[in-house]
Amino acid sequence: MSLTRAQVAHIAELARLDLTEPEIERMTEQLSAILDYAERLNQLDTDAIPPTFGVIPNQNVMRPDIVTPSLTRDQVLQNAPDTDPNREFLRVRAILEE
Numbered sequence: 608m609s610l611t612r613a614q615v616a617h618i619a620e621l622a623r624l625d626l627t628e629p630e631i632e633r634m635t636e637q638l639s640a641i642l643d644y645a646e647r648l649n650q651l652d653t654d655a656i657p658p659t660f661g662v663i664p665n666q667n668v669m670r671p672d673i674v675t676p677s678l679t680r681d682q683v684l685q686n687a688p689d690t691d692p693n694r695e696f697l698r699v700r701a702i703l704e705e
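Everything in the sequence shown is counted per the numbering used here, starting at 608 for the first residue and increasing by one.
Treat the hints as calculated values from the structure; they're not laboratory data. Be careful, since some hints might not be right.
FRET-style restraints, in silico, Cβ to Cβ [claimed, not checked]:
| hint | residue 1 | residue 2 | range |
| --- | --- | --- | --- |
| 1 | Q685 | L624 | 30 to 36 angstroms |
| 2 | R700 | D672 | 33 to 39 angstroms |
| 3 | N649 | R670 | 39 to 45 angstroms |
| 4 | P688 | A613 | 58 to 64 angstroms |
Small disclaimer: the values here were computed from a predicted structure and weren't measured. By construction, the Cβ of each residue, glycine as well, lies at the ideal position given by its N, Cα and C atoms.
Between the sequences and the hints, there should be enough to build the whole structure, so can you do that?
Here it is, written out as structure tokens:
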């Protein structure tokens, strides 16, 4: 399937691409070659091939859930620039506009 220059220019416009004339020529050839290859793939007989959703067997790579020591609240709040009066929470500036 060959694309025309007008089709490639339209595709470029939809993609908000500002292509020069030489780029449109090059893209016309390249996109047409891609579509020709896809058409060749569509002609393959795949009836004997079972449908698959992945060609590589999936395997979960998970580490064991082991409890490890963490920082205490006082250690976390020690370097905080601003906390509540009871020193229980971090305070941050509001970033949303009203």
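Quiz item: Which hint numbers does the structure go against, in order from smallest to largest?
Solution: 1
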